[in-house]
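Visitor: Chains as they are written, first to last, in the numbering used here: chain C, 1 to 126; chain H, 1 to 393.
The hints are simulated quantities; they were obtained by calculation from the structure and are not laboratory data. It should be emphasised that the depicted structure is a prediction, and the values quoted were computed from it without experimental measurement. Fair warning: there could be bad hints in the mix.
Heads up, incomplete: computed chain H residues facing chain C, CB under 7 Å, no partners named [as the list claims (entries may be wrong)]:
#1 S310
#2 L313
#3 E347
#4 H350
#5 L383
#6 P385
Quick partial rundown of chain C residues pointing at chain H, CB under 10 Å, derived from the structure [as the list claims (entries may be wrong)]:
#7 M11
#8 V16
#9 Y117
Note that CB positions come from ideal geometry on N, CA and C, so glycine has one too.
The primary structure of each chain is shown beneath.
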Amino acid sequence: MYSEKVMDHFMKPRNVGEIPDADGVGTVGNPVCGDLMTMYIKVKDDKLEDVKFKTFGCGAAIATSSMTTEMAKGKTIEEAMKITRADVAKNLGGLPPIKMHCSNLAADALHEAIKDYQKKQKEPKK
Amino acid sequence: MLLRKVYMDYGAGMPLDPRVLETMKPYFFETFGNPSSSHSFGNRAKEALAASREKVAQLVAAEKPREIIFTSGGTESNNLALKGAAFRNQKKGNHIITTAIEHMSVINICKYLQKEGYDVTFVPVNKQGVVEIEKLKEAITEKTILISVMYANGEIGTIQPIQEIGNLAKENNLLFHVDAVAAAGKVPINVKEKNIDLLSLSSNDMYGPKGVGALYIKQGTKILPVIQGGGQENGIRSGTENIPGIVGMGKAAELAQTEMKSVGKRLTALRDKLIKGVLSKIAYSFLNGHPTQRLPGNANLRFSYIEGESLILGLDMYGIQVSSGSACTSKTLEPSHVLTAIGLPHEEAHGSLVFTMGKQNTEEDVNYILDVLPDVVKRLRALSPLTPKEILR
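With the rest of the complex left out, here is chain H (with noise of 0.2 Å):
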């Protein structure tokens, strides 16, 4: 059987934009230099730098590039916002606000804070994904020091009020921070008009290397270091800088940007016609997350009475690669905070597949998938005793 290969997981592994791994060759072997050093070929990787530090700017629209720290990835940008913000603002206040489907890493270091003392607040969404105002609202106390929340949500696809919020945390003088890694170079970011104190990017979630990320912080915002040493970017996170990683992150920034509108346009045609197929070819198949208010390429579907993981590697058969939110595909067996946290039962949960398409995706794939899945779903339900027979005819 010939194989078509059709990769829809680009928000779990994105290959490099072949521009940018030729904009970074030369950082290797030719202008190694550390940016630190006072001879010429440090003042080209300082140059370098600079010149990367303002194509990140460019893309969330922050006023300075010196409000853009590179770091290590999207991870290490959340660890740097929320302890830096928390561990600098512990006189003011110990309670943070953030949402229960963020990232796990957010989720993870508010857990931490937990444990160093302070008071996490994790508002619940709605069953379409979407944060509400005045749940927010109620959550501030005399405490609150920090409101953390992501711009789009890299599983179910939804893009949160960011505006909203911006305004409603400004109002009540409380940092706000937004996680931006599924969402920068995909929709537009401007930091200043909603009010964002600190955001984290990564590169590899735009066509960039692994390995790279960074965390905006507006010109006055006082945040601790995590990560102490020689000095560098501002003295906010020293290493020595990671030179062609940080060029690449530059420029995959740089076509994100040019690129955006027409690979946006194109994205959400093709996710909607995904969605659409999907739900009018396979009974008992929903949606997950917001219809329209939702990240290009994002299509979160589930199937009843069948479940993730099988599905994936039923797909996987006919070449096509997505992912799931079921437990059987994690390591700790609980299926996905995301999915639970938007009120799907566990055994719903269960059955949901995540298809995140990229640059490379054509309508083709969208045709395949749609050929192929209503086979592979109605294999695995007449395999299921959860099937209600009448839908197997």
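Just chain C, same shape as in the assembly (with noise of 0.2 Å):
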């Protein structure tokens, strides 16, 4: 049902974790739907220097987070904020129609971050 891609990502993800002093968190899903997802990204120079995920769901979730944090690492805030579900998917080498859903939530859960980071960005510093 599967790629290979999407279980080498699910077998083996990457970027999991949790970044203490994230510059940005994005948290979207529900577990009352089966699936939910935290971003945390680290901001230098206007651009990505860590991206990290914790996911509650199903493999293709864990999968899309875990390909989206990699696409996501390295990227400057505007390249970021274009990662599409579909980027997402193209680059897992596909996935079921039925799962479509969970790429969306991992470019969403990306995207959330980012926002909460340009938030806090326009917020005086303390």
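Dock chain to chain to rebuild the complex, using the hints, since each chain is given by itself in its own frame.
Guide: Listed below in structure tokens is the structure:
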């Protein structure tokens, strides 16, 4: 059902964990529906220096989270905001149609983390 | 990595018993006659049909072989029983009582009947998945014609108090249908003793071929056919009989009956070993269903903070094949209706695994699962944002 790439990211997920002093955090999904993702980003010179995730969900949810962090790492904020669910799915060698919403969630979580960072930037520094 | 292969999804699909295949073989090329024909070829098919009917009748302790009607499987048997009884008794009433944890075929047939103007009450079950007699009693009205309750639930393994329900149906002069697809061949069934009027069976749930089933119809119980045609099966189920399949089902029923005790005892021990092992080795793991009143070989376990499909995939990498009640393994993206009916919140239902053991499973299989599963659970919990830090360590 899943591509080799999906299984690889499921078995050996990249960038798992939390960033305690993250510059931005984004959480999407709902455990009631079977998936919940949190993305953490560390930003330096407008670039995503580090991206980490934690995911509760199916194999596709875990693989898309992992792939999204890999794709986002090193990118500028602007580039990372342009990552779409279709990009994530494509890089994973495709996803079954019923699992497409998982790739949506992963990209959304990343975008939420970036928005959180941008919001914090606008707030006056303490 | 050399992988051990452990198949524990017998509830989803069973292999054919090789002895069943041997019995079926002659009916493809040598004895291929139509039992409706008058010549000797037809007669031999007719004899085979009668012998199989007798074997299936014996499995459920039916009084007469003619009370067994062959169908294309459990789903058709349920359709014939429910629609046949509902349509035949239209003048008597339009109310049907069933439970919230029935197989999807029964649930969807009932929903269809609702659209046709029937009233259906889906009686709830308790936390262990047992139907409470009082709730059934309360649901009975003047319009009630039929009670339909499964013998045992294939997913959580819970065996229902069929005797009490049968008595209740009899006292109230109601028809009693039992979907015994998940239970037949695994636990003894006595239709007479339990006051059962209609009972659905499936061949491939007892190591027989797929595409064959049967409906027990107690003598004197009147139902309308769902499939019209040449009048085979006493006019109740038309269509040329699937002789090789029926012969296979007969043999499967015979084997199930002779081996039920020994297989049941062995699988009950394996089941209990697996349940005990998992609950003691893995924190925040729980048993779904009833601890003792359950099918031999069925263990439904849930693991907090993680999701079932990723558990299946994680175990598959180790050669272990099981099922889950999680939404992510279903076409609807809804968690199993059985798990929600026993009161599990959705996030807990998502983390359930169904182990259904069969004749080929061994103690080594259980040991292997007990070796591998804790690590798979641990790995997924480490990924999950829901896992409390103190249990990760």
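Visitor: Each of the hints needs a verdict: does it hold here or not?
Guide: Evaluated hints:
Hint status for S310/H relative to chain C: holds, with the closest Cβ pair at about 5 Å, below 7 Å. A distance limit of 7 Å between C-beta atoms decides the matter here; for L313/H the minimum to chain C is near 4 Å, and the interface restraint holds. Look at E347/H: its Cβ gets to within about 4 Å of chain C, closer than 7 Å, so that hint holds up. Given hint, H350/H at the interface with chain C, holds; its Cβ is 5 Å from that chain's nearest Cβ, closer than 7 Å.
A distance limit of 7 Å between C-beta atoms decides the matter here; for L383/H the minimum to chain C is near 6 Å, and the interface restraint holds. This hint holds: P385/H has a C-beta 4 Å from the nearest C-beta of chain C, less than the 7 Å allowed. Annotation: M11/C was flagged as interfacial toward chain H, and the flag holds, the nearest CB pair being 6 Å apart, inside 10 Å. A distance limit of 10 Å between C-beta atoms decides the matter here; for V16/C the minimum to chain H is near 6 Å, and the interface restraint holds.
Among the interface hints, the one on Y117/C is violated; its C-beta lies about 19 Å from the nearest C-beta in chain H, farther than the 10 Å criterion.
Of the numbered hints listed earlier, the single one contradicted by the structure is hint 9.
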